[in-house]
Amino acid sequence: MASEKHLLAMDPRQCVVPTTERRSQSDTAVNVTSRKVSSPDILKAFHQEDPKHPPSPVLKQDTLPASPTHGSVFSGGLRRGSLTSINSTCTEMGNFDNANVTGEIEFAIHYCFESRSLEIHIKTCKNLAYGEEKRRKCNPYVKTYLLPDRSSQGKRKTQVQKNTLDPTFEETLKYQVELAQLMTRRLQVSVWHLGTLARRVFLGEVILPLAAWDFEDSSTQNAKWYPLRAKAEKYEDNSPQNNGELAVRAKLVLPAGPRKLQEAQEGTGGQLSVNGQLCLVVLGAKNLPVRSDGTLNSFVKGCLTLPDQQKLRVKSPVLKKQACPQWKHSFVFNGVSSSQLRQSSLELTVWDQAIFGMNDRLLGGARLGSTGGATGCPDSCSQSKLQWQKVLSSPNLWTDMTLILH
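The letter at position 293 of the sequence shown is residue 293 when you use UniProt numbering, and the numbering goes up by one with no holes.
These aren't lab readings, by the way, just hints derived from the structure by calculation. Just to be clear, a hint being listed does not mean it is correct.
Stated by the list, open to error - Here are the simulated DMTMM-like pairs of lysine to aspartate or glutamate, each with C-alpha atoms no more than 25 Å apart in a straight line:
| hint | residue 1 | residue 2 |
| --- | --- | --- |
| 1 | Lys321 | Glu114 |
| 2 | Lys224 | Glu245 |
| 3 | Lys224 | Glu171 |
| 4 | Lys385 | Asp360 |
| 5 | Lys123 | Asp214 |
| 6 | Lys385 | Glu245 |
| 7 | Lys126 | Glu178 |
| 8 | Lys390 | Asp308 |
| 9 | Lys321 | Glu216 |
| 10 | Lys123 | Asp217 |
In this text, all values refer to a predicted model and were calculated from it rather than measured experimentally.
Full structure from sequences and hints, please.
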């Protein structure tokens, strides 16, 4: 899901000029009409507003007074017996050569319940293709990922073996990961040739779904031979990957009184119908693709797209060094009606804050509303619409939701 890299911080002391697209990183509400900071109370009574002069849709944010809790680490881990990650993005995005894939690889998979780590013991390969056919050269090494995480933090590598088609590695690559999280992962083991000028040549791969893998059966821990296959253009069918879960709660706050409430829900109250608030609390996330040290510096971006394509953008604070972040941060969109929201969509994306000037890493996203769900996933789209309808049909009541990130 596309989301902008930078957000414009709003200073409540400065005047704010209304535009089609508004952004905020602050914990304040911006009233475009009055150009004043709104009350921080997200449940402020709406009958106090003047119905003759309703405000334009505005937004505000707040962090609930609760301390973040540390969740369990479920992916990543130390690179033991592994080279430092080099040119990961280039090789995974297609900047490599392909050889005619031949040969097999022998490795074993073991889960250590005591240390909660997945161990892949790479033993040997045989009958590999030449990485450079004309020069009759092959300098093989093995690389692993726990898909769908193809980031450099999720990569493990063996040492390079020089001038051999039958290399022996005897190296163990480790991931710090909770056993339950392996049910949504696939192990990718690929063999590469390191050529001149650090040029990589793909020699073959094996992809094993871990959902049905019995880690308690000792027989599955024995080393096995697997035939190497050509790189798959698509790792699965068109269904999107599961990149974790985001827990949120939402409420549409409408004017008090049965008649006003009905008018606001049906949009028959004229200008009064816009006097509502969409309140959203981003509680936390789990099962995210973490870094190699098992943590994240994560934050959430939100974008409410109204029927006229006006976009209201929000952003949560960054929680550092946590695998299962608990933001408990509130987003509030003022001046929106039930009729507007029925034709609107709310996109939530989770990010890992970059360091040293690199781009922030998108961990996953979900969409609620008339165009909700993940592309190519009818079940996700249907569930998203039902959740959105429940929020709109139950005004002044909180609705708890768990969104699957893709």
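Hints that the structure is at odds with (numbers, increasing): 2, 4, 7 and 9
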